[in-house]
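**Q** Here is what each chain is made of, one letter per residue.
Number of protein chains: 2
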Amino acid sequence: MALGVGRGESGSGVIQFIDATTGERRIIGRYLGQSQGREALSSTRGASYLTRDPRGPSLEEACPEAFARLLEAGDRIRTRLREEMQIEFTLENGQLRILDAIRVPRSARAAVRVAVALAEDGIIGRDEAVMRVDPAALPQLLHRQVDPDAPRDRLVTGIGASPGAASGRIVLTAEDAEAAAARGEACILVRRETTPEDIRGMHAAAAVLTIRGGMTSHAAVIGRGLGIPCVVGAAELEIDRRRRAVIAPGGRILHEGDLVTVDGTTGDVLMGAAPTLPATPDDSFRRLLEWADTFRDIGVRANADTPQDARLARDFAAEGIGLCRTEHMFFEGGRINLMREMIFAEDAGERRAVLDRLLPLQRADFAAIFRIMAGRPVCIRLFDPPLHEFLPSDRAALRDLAEVVSRPLSEVEARVDQLREYNPMLGLRGVRLGITVPEIYEMQAQAIFEATVEAAQDGEAVVPEVMLPLVSARREVEMLKTRIDAVASAVRSRTGVPFAYRLGVMVETPRAALRAAEIAQNAAFLSFGTNDLTQLTYGLSRDDAGRFLPAYVAQGIFPEDPFHAIDLEGVGELIRIGAERGRRGRADVVLSLCGEHAGTPRAIEFCRREGFDYVSCSPYRVPVARLSAAQAALRSRSARGG
Amino acid sequence: MALGVGRGESGSGVIQFIDATTGERRIIGRYLGQSQGREALSSTRGASYLTRDPRGPSLEEACPEAFARLLEAGDRIRTRLREEMQIEFTLENGQLRILDAIRVPRSARAAVRVAVALAEDGIIGRDEAVMRVDPAALPQLLHRQVDPDAPRDRLVTGIGASPGAASGRIVLTAEDAEAAAARGEACILVRRETTPEDIRGMHAAAAVLTIRGGMTSHAAVIGRGLGIPCVVGAAELEIDRRRRAVIAPGGRILHEGDLVTVDGTTGDVLMGAAPTLPATPDDSFRRLLEWADTFRDIGVRANADTPQDARLARDFAAEGIGLCRTEHMFFEGGRINLMREMIFAEDAGERRAVLDRLLPLQRADFAAIFRIMAGRPVCIRLFDPPLHEFLPSDRAALRDLAEVVSRPLSEVEARVDQLREYNPMLGLRGVRLGITVPEIYEMQAQAIFEATVEAAQDGEAVVPEVMLPLVSARREVEMLKTRIDAVASAVRSRTGVPFAYRLGVMVETPRAALRAAEIAQNAAFLSFGTNDLTQLTYGLSRDDAGRFLPAYVAQGIFPEDPFHAIDLEGVGELIRIGAERGRRGRADVVLSLCGEHAGTPRAIEFCRREGFDYVSCSPYRVPVARLSAAQAALRSRSARGG
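Chains A and B, in that order, are what the protein sequence lines are. Counting in UniProt numbering, the first sequence runs from 1 upward without gaps. Counting in UniProt numbering, the second sequence runs from 1 upward without gaps.
One chain only, chain A, in its complex shape (with noise of 0.2 Å):
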């Protein structure tokens, strides 16, 4: 291509039209003049600018027939090859010739921020805009990020179990993490696992790392609870308490104090304050996600266990909660010794006792998030964890139990230790402690209906689906059902408001899966729980596999770790026949996903494949939910041959 633009003016020189880190349209480029072909691209020296700039000559000035040529060819690239390019061109004695076209390399901000001006302006459509971006680089938009091309010093590497990236001051104790906030000081709580006991020092540190522990374990839940990011199971880390230091590999020391950074998206803690950059969810983001709102034939809503998570699910547009899990509403400030009594209560009636304080700080939590969701349904999972774990387990924090239950010493230890279970992943809990300890399930559920009460008096009406976690056996919810509707029954006759709720089962145990029709026949859904479901088709515990999954998947025994990536051969497979043989149990009954899993764009398709009403995932991958269905949707129409 040749462009008669003048006479004399020889050299050449390259162009693009946006930053390719931000996306933003600006010209960007240098010309270099009595150059020949590609001199420009490899050398700077002598370059001069292509827009007027007060640092020195550019082509605008010195030939703007040339330059406006140039742009004309720009705009004449970018509508036919449907692209931001980059242009290589030459002047000669003032002809403009294209040498050559290259696709802008650019980060992910500019990938969504391009692809939505390119619909925009009518040049691709806003199908193919919402193809264009891969789902799995907008979480980097969403949290604060190590800055790619800075160098890094990395210190070791764990699971990262919370994104975003933060720096601070090691502290090793949750009182030193409170500390250092009251200080103003930012601080990464370093533990060997994290414990209810932390919870509030993890509120106050930047950043969580331990040493044990999976995708599920203490730290990694409340870390993304919290929206911190946490790094978890980093084994080769050591605590020397005696030096209030942490030992890394290679006999690197960092005491108390140190700098480091800890970046929860890809699990790497590096060596001191390294460089960081900003979320960036902007107005491209924005459009690009309603454009995917248009195409997408599957529900999105978001996992979120406290108001300010439903603030965040509201933010990103989730349709609702999809699960919001309550258990964690008890590790907070003193609720924990109110379960602590709980747990120490001689019977029924002192239990009942203890629960009744609870109960309007469950029904506030409830209220509130019903307020936030207003009117969006909202999933609430009944308490799931075992007891044990809101005990504590070193002999300090036992003394100050002994003292909070008004108990002796010995008598704590002995229930701590008649609690401990040899597999709690397999223990009691779940719907098990819900039938076996009635009373804690009547507690949630009236506090659920009186909250549904309150919303109801402000106008707004909520229909709460409530939902019984570990399920494996058909009369454990008909039992539960009939509790539960006494006590919606009792908060109806006592208000005098009429309210609707729904109850439906979370299936996470083989088991339930392959009794789905039974089990259905009182659930008016059935939400999978990939976590535990994947746990238990494996025979496989997530907090433990650390040891031998990475060279599982080193080795390709395993393709991938299927804590992360949907195992659709083995856990799929067991889903398709829960949803299958659920439908035939009830033909109405709603299907979802909730988990981990559920808002990866392989567990996604498979959802929409089986006709599954919804997915549900943590607030900030609900973008990527929401891109990758909509990329389902697309692609299946195309393969119909759309």
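Rather than coming from a laboratory, the hints here were simulated on the basis of the structure. Please note that a few of the clues may not be correct.
Stated by the list, open to error - Chain A is nowhere near these chain B residues, computed Cβ spacing over 12 Å in every case:
#: 1; residue: 132
#: 2; residue: 139
#: 3; residue: 327
#: 4; residue: 372
#: 5; residue: 502
Stated by the list, open to error - Pairwise CB distance ranges, derived in the manner of DEER restraints:
#: 6; chain 1: A; residue 1: 417; chain 2: B; residue 2: 253; range: 19 to 29 Å
#: 7; chain 1: B; residue 1: 235; chain 2: A; residue 2: 311; range: 41 to 51 Å
#: 8; chain 1: A; residue 1: 417; chain 2: B; residue 2: 149; range: 38 to 48 Å
#: 9; chain 1: A; residue 1: 364; chain 2: B; residue 2: 251; range: 40 to 50 Å
#: 10; chain 1: B; residue 1: 253; chain 2: A; residue 2: 346; range: 21 to 31 Å
#: 11; chain 1: A; residue 1: 417; chain 2: B; residue 2: 564; range: 24 to 34 Å
Remember, predicted model here, so these are calculated numbers, not experimental data. Backbone N, C-alpha and C fix where the C-beta goes; we use that ideal spot for every residue, glycine too.
Following the hints, put chain B in place on chain A, whose structure we already have.
**A** Coordinates of chain B only, in the frame set by chain A:
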């Protein structure tokens, strides 16, 4: 019925022709002269004997004709009613009249003897004799039992984990158990839970009682292996170490040295030395089982881990060993210290060096078992448990361990800590250990193949079956098949002795069942391990279920304890899917079921219906399995109108 027998004599009596406890043929009953109707039944005062007796008058002497007629009538009734009956009769002026005949209630032992005698007398067929005995009654013939007629002073009830009854003096440590045995005193070892360090004490004890644990806990497994009675999970007991006492419900205190009786059949622990009845497998028992074998159409093998077990298996006519768990071989004697050295090895070379010292011990185990089984198939499951089961937990034992492995205590503690798992059941064990620490399986394969060569040189052709535990993916099998094939080739070429072996998979994760088609492509057999499969299908740890499972069963939430009665609806469904897919992957794949359930009538009927090749249960369950299998075959024959 009235028979003239002469003049004069009048009275009434009752007669039967067997001893209801032993089943022996002898005349039992009494006769009351001058009585009418049923008087002789309600009163013994003034009654005379039926047969000649030095202690007093008898009907046989007083009225020989009437007595002879009575015997004839008895014979006729037995033949006509095809059963041992208790007969009420009167004499009216010498006229014999039969008033009533009821089935003699009888012990399990007598039931076997009666059924066999009726068949041998041609009164019933052998098939009917086989159908008449309740398989569930057989175990009490194989173990010493607490006399059911003696009064029971029950201290507490736990889980009957290893059948039989034994009395002895309480000891609280393994050392004390050894000391008592050295003095020739029977003792009952009472522990919170047992660990590998207790093995020698368990060998020395007459029975074991633990406060924690379930049917698969260390105490239970070892107890069954040793054939000593064992009750576990007696959670209501407390050990008061200071007072060297055990506190039972109701505040009863038992000191060391107090006598108790452990009933491992029922789970009862009784005060004092309760009267017991000896084991009574007699000729009738053997004959009945021989007949059963002629009807049976599914194989019965035994689970046997040691030469002793193998001998039992052979004595009970098991057709082979279906499950030889190799890990128990590592707990015994000095071997556990070798295991510990291996765990503390610095690298693969050092590990291999320790394993080389275990190799001859393993080889000798296998050679002994092959010799006992004399060509019958032996299926050896490679190492399964997590390594931390071989490490102690209390401080004193850790200090000893530090000495054994010549490492500082702090290092030993760190390693123990590092190996600890949140959910050991779902952790680094089975094939996962086999893949990540390859030296263990390589040593085991070598020991198996060298023992095979030894057997071949003794003229016994053994085709060992090597089974991989906890498989969840095809690649695990492929990878280990390659490694084990290599070991076999090396042994063949080193010894010059050709031999074959068969590699198979223990299907105990839901995923292995779901992926059975592809797994079977590298597996000559699939053995469904219902213990772990039940745990994973329900998400239920057998060791932890004790705290709520009894309540669940009592409330009818689970119809039965799924660890005792196989859950056909859930677990069975997965097995069906696995069997069907396994056959699809390899038409001639051998299918079997092993684990606690395999000896129950319900599981056997299920396996037979699904076309399984065999079941494998603990040696003492083999008779139950043989009888149940025969009954299932006979029932299905009669259902088909045979």
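**Q** When the hints from earlier in the document are held up against this structure, which numbers fail?
**A** No hint contradicted; all consistent.
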